[in-house]
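2 protein chains.
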Amino acid sequence: MRILVQKFGGTSVANLECMLKVREKVSAALDKGYKLVVVLSAMSGETNRLIDMAQKWSPRPDPAEMDVLLATGEQTSVALFSMLLKDKGIKARSLLGYQIPIQTDKSFGKARILDIDTDRLEQMLSRFDVLVAAGFQGCDCEQRITTLGRGGSDTSAVALAAALKAEMCEIYTDVDGVYTTDPNICSRARKIPKIAYDEMLEMASMGAKVLQIRSVEFAKKYNVPIHVRSTFSDEPGTLVIQEDETMESAMVSGIAYDKDQARITLVDVYDEPGIAARVFEPIAAANIVVDMIVQNPSREGRTDMTFTVPKSSLEDTLAIIEKIKTDIGARDILADPNVAKVSVIGVGMRNHSGVAAIAFSALKNENINIMIISTSEIKISCLIEEKYTELAVRTLHEAFGLDK
Amino acid sequence: MRILVQKFGGTSVANLECMLKVREKVSAALDKGYKLVVVLSAMSGETNRLIDMAQKWSPRPDPAEMDVLLATGEQTSVALFSMLLKDKGIKARSLLGYQIPIQTDKSFGKARILDIDTDRLEQMLSRFDVLVAAGFQGCDCEQRITTLGRGGSDTSAVALAAALKAEMCEIYTDVDGVYTTDPNICSRARKIPKIAYDEMLEMASMGAKVLQIRSVEFAKKYNVPIHVRSTFSDEPGTLVIQEDETMESAMVSGIAYDKDQARITLVDVYDEPGIAARVFEPIAAANIVVDMIVQNPSREGRTDMTFTVPKSSLEDTLAIIEKIKTDIGARDILADPNVAKVSVIGVGMRNHSGVAAIAFSALKNENINIMIISTSEIKISCLIEEKYTELAVRTLHEAFGLDK
Numbered sequence: 001m002r003i004l005v006q007k008f009g010g011t012s013v014a015n016l017e018c019m020l021k022v023r024e025k026v027s028a029a030l031d032k033g034y035k036l037v038v039v040l041s042a043m044s045g046e047t048n049r050l051i052d053m054a055q056k057w058s059p060r061p062d063p064a065e066m067d068v069l070l071a072t073g074e075q076t077s078v079a080l081f082s083m084l085l086k087d088k089g090i091k092a093r094s095l096l097g098y099q100i101p102i103q104t105d106k107s108f109g110k111a112r113i114l115d116i117d118t119d120r121l122e123q124m125l126s127r128f129d130v131l132v133a134a135g136f137q138g139c140d141c142e143q144r145i146t147t148l149g150r151g152g153s154d155t156s157a158v159a160l161a162a163a164l165k166a167e168m169c170e171i172y173t174d175v176d177g178v179y180t181t182d183p184n185i186c187s188r189a190r191k192i193p194k195i196a197y198d199e200m201l202e203m204a205s206m207g208a209k210v211l212q213i214r215s216v217e218f219a220k221k222y223n224v225p226i227h228v229r230s231t232f233s234d235e236p237g238t239l240v241i242q243e244d245e246t247m248e249s250a251m252v253s254g255i256a257y258d259k260d261q262a263r264i265t266l267v268d269v270y271d272e273p274g275i276a277a278r279v280f281e282p283i284a285a286a287n288i289v290v291d292m293i294v295q296n297p298s299r300e301g302r303t304d305m306t307f308t309v310p311k312s313s314l315e316d317t318l319a320i321i322e323k324i325k326t327d328i329g330a331r332d333i334l335a336d337p338n339v340a341k342v343s344v345i346g347v348g349m350r351n352h353s354g355v356a357a358i359a360f361s362a363l364k365n366e367n368i369n370i371m372i373i374s375t376s377e378i379k380i381s382c383l384i385e386e387k388y389t390e391l392a393v394r395t396l397h398e399a400f401g402l403d404k
Numbered sequence: 001m002r003i004l005v006q007k008f009g010g011t012s013v014a015n016l017e018c019m020l021k022v023r024e025k026v027s028a029a030l031d032k033g034y035k036l037v038v039v040l041s042a043m044s045g046e047t048n049r050l051i052d053m054a055q056k057w058s059p060r061p062d063p064a065e066m067d068v069l070l071a072t073g074e075q076t077s078v079a080l081f082s083m084l085l086k087d088k089g090i091k092a093r094s095l096l097g098y099q100i101p102i103q104t105d106k107s108f109g110k111a112r113i114l115d116i117d118t119d120r121l122e123q124m125l126s127r128f129d130v131l132v133a134a135g136f137q138g139c140d141c142e143q144r145i146t147t148l149g150r151g152g153s154d155t156s157a158v159a160l161a162a163a164l165k166a167e168m169c170e171i172y173t174d175v176d177g178v179y180t181t182d183p184n185i186c187s188r189a190r191k192i193p194k195i196a197y198d199e200m201l202e203m204a205s206m207g208a209k210v211l212q213i214r215s216v217e218f219a220k221k222y223n224v225p226i227h228v229r230s231t232f233s234d235e236p237g238t239l240v241i242q243e244d245e246t247m248e249s250a251m252v253s254g255i256a257y258d259k260d261q262a263r264i265t266l267v268d269v270y271d272e273p274g275i276a277a278r279v280f281e282p283i284a285a286a287n288i289v290v291d292m293i294v295q296n297p298s299r300e301g302r303t304d305m306t307f308t309v310p311k312s313s314l315e316d317t318l319a320i321i322e323k324i325k326t327d328i329g330a331r332d333i334l335a336d337p338n339v340a341k342v343s344v345i346g347v348g349m350r351n352h353s354g355v356a357a358i359a360f361s362a363l364k365n366e367n368i369n370i371m372i373i374s375t376s377e378i379k380i381s382c383l384i385e386e387k388y389t390e391l392a393v394r395t396l397h398e399a400f401g402l403d404k
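Sequence order for the protein chains is A and B. Quick note: the first sequence, position 370, residue 370 per this note's numbering, numbers continuous. Quick note: the second sequence, position 68, residue 68 per this note's numbering, numbers continuous.
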């Protein structure tokens, strides 16, 4: 039994016309001899409508009941789409989270998948040619409805593909793949035919919002090949797969950027064991995500410590720092909301030296000052002045030969 | 554990304001020491919206998927209402059909209830003070969603009350009870404080559309007392209960009418065994519901046969009759769509003679001609010219002392 999982997002099922396009994709796959699991999101706008409704009803809606409410969005999609399939004589049925079941923990609104009943799914695939599964939803051990958090339908699709050992998990969306960088700021951005899970994780976390990051982690863990492609064309998109030999040839796969950064520098804090914990524990306790952190070498028992937080968290972070300022001995606190992070990403850089040097020199040639550098095995990130973001992206894109 | 079931229809949960009124009713019952099962319908207009949507998607929507779609209506109601309860610190949770579960057969769109898991419900009632159950829905043995047909929420409520042996099943609606007749045509109609199941069945089938007929049958079978009352007042409404001694004092409880009748007379058909079957079998096969039937005594081997069908079925019925006309020997076929049925209903007439005589003479005094008479143990129905309907209802209402 050749099994294919196809996932269609909200814009792909927004109305009857869109759903008819989706039916064509499904029919084409059936013609190729596949059995299909089709995972659908709520029709675009529907989830927001339900959230607005709940907020009218309750200032802080009960999370468990919120999930019961939100789950109606995907339920509507799968019922309507199954009608379309059956009208065409296709053996199909809808499946809600609890019917599969997709077993999750009890974290309403952001549940984690614990288990999927593969036997039951395979049994149903022997009776039906297409199972139309509601994305985003599961159920806890008491059969209460849970949801997986925003964008959770990607995760549903990958998890179902993993459970069924599907040949491929196709994620259909309104863009036609993953690009070397944001085409809106770099006209020479190109579609990437193949990208490794790790690279995709770095790209996704930077705001290349094609795939939910959790779904990529899941795909990596279970080695599920993902094909990100457009509902509205037949062109191949981007394969997100395990790193392979052919990928090594490319040193760098893409350039990402993130403008949602604010920089804080603590000037001349004590350089002693435990000082970092004293700074970052209260920040973490306030649920503020710190991204880059650098500490300069010590001068006379004092050091400068610089880190970045999301722009929206800057005020809160400064308030926390103010309270511990004397405790950590900071002589001054500098804050700058006008910064951005540009990143060079590629699994190839593991085997190539000099990637950092190329990046730094390219930025230097444009007189772009680097405030912070942070590196991982497959990524080099630089914090720069926000106004240079676009220029920096285009410069790096060209410097690593991604233009051609 | 004192258990109360309260059911609120679509107009009672139409919006936030209405739901807040419903919460008051629930709070008042909690204050009296009850554990509650609250059964909700979809917000008014929602079911029609979903049906319209499905019909846009498919000329004949798949019944199973239609139920998946329709079930979102009640799901939305119970989620939102549970939020309201929890905001007030009430221990509550929503329950969908499959979570209770309300086990049904596989007749999608018009499923019959087979079983309700009482143990599970009782367990949940020990943990929660209010269970907010989605009306109208159940699930089949494969956990597929089913719905009970229009107005099915009444049946859900009565079935849950029966399963839990609840003290009372309160049906809240936008009218304040069952009336001796339609107040729109008889200003002297009065609210009936108590009515027997059998009387209610006769009233309901005549278009006193306060309670779904199936729910009354269910209540009668399991002896569930029903209290029909208004969401928007605190006045007691009408108790629908088993016939008791106190009821016998009233000879007649109410006057019903039905304008959706058309009369057909087959003139001079053969009076021989099997002739009725030859007439009514093809009509039944066409799913046409025949109501009253009378046959006059035979004259020279010939007889007249008169019966009524819904006005909308008149043309179809005549077409069927036309085909068998020579076969049954009918010399003529007369049809009249301008007829109505008025009925006098009361369990008391079992023990009182002369009810029919009073009815006939009252109608005669107004010069209203009776075309057909049909009687049951607790009902006398007369077919009359449609234009006299209102006059006949008022006349009978007064003749049986219901005005005072």
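Worth double-checking, as some hints may not be accurate.
For chains that are exact copies, the list does not tell them apart, and a pair is met inside one copy or across any two.
Stated by the list, open to error - Below, in silico cross-link-like pairs of lysine-lysine (BS3-like), each with a Cα-Cα straight-line distance of 25 Å or less:
hint	residue 1	residue 2
1	Lys86	Lys56
2	Lys364	Lys220
3	Lys364	Lys191
4	Lys221	Lys323
5	Lys86	Lys325
6	Lys21	Lys110
7	Lys86	Lys35
8	Lys110	Lys35
9	Lys56	Lys88
10	Lys259	Lys221
11	Lys220	Lys259
12	Lys86	Lys194
13	Lys106	Lys88
14	Lys56	Lys21
15	Lys165	Lys221
16	Lys194	Lys387
17	Lys404	Lys25
Hints in this document: simulated from the structure, not taken from any laboratory. All of these numbers come straight from a predicted model, not from anything done at the bench.
Status of each hint after checking the structure:
no.: 1; hint: Lys86 - Lys56; result: between (37 Å within a copy, 15 Å between copies)
no.: 2; hint: Lys364 - Lys220; result: neither (36 Å within a copy, 87 Å between copies)
no.: 3; hint: Lys364 - Lys191; result: neither (27 Å within a copy, 89 Å between copies)
no.: 4; hint: Lys221 - Lys323; result: neither (42 Å within a copy, 71 Å between copies)
no.: 5; hint: Lys86 - Lys325; result: neither (67 Å within a copy, 42 Å between copies)
no.: 6; hint: Lys21 - Lys110; result: neither (31 Å within a copy, 32 Å between copies)
no.: 7; hint: Lys86 - Lys35; result: within (15 Å within a copy, 44 Å between copies)
no.: 8; hint: Lys110 - Lys35; result: neither (30 Å within a copy, 31 Å between copies)
no.: 9; hint: Lys56 - Lys88; result: between (40 Å within a copy, 15 Å between copies)
no.: 10; hint: Lys259 - Lys221; result: neither (30 Å within a copy, 69 Å between copies)
no.: 11; hint: Lys220 - Lys259; result: neither (27 Å within a copy, 69 Å between copies)
no.: 12; hint: Lys86 - Lys194; result: neither (35 Å within a copy, 49 Å between copies)
no.: 13; hint: Lys106 - Lys88; result: between (39 Å within a copy, 23 Å between copies)
no.: 14; hint: Lys56 - Lys21; result: between (35 Å within a copy, 16 Å between copies)
no.: 15; hint: Lys165 - Lys221; result: within (13 Å within a copy, 51 Å between copies)
no.: 16; hint: Lys194 - Lys387; result: neither (31 Å within a copy, 79 Å between copies)
no.: 17; hint: Lys404 - Lys25; result: neither (31 Å within a copy, 70 Å between copies)
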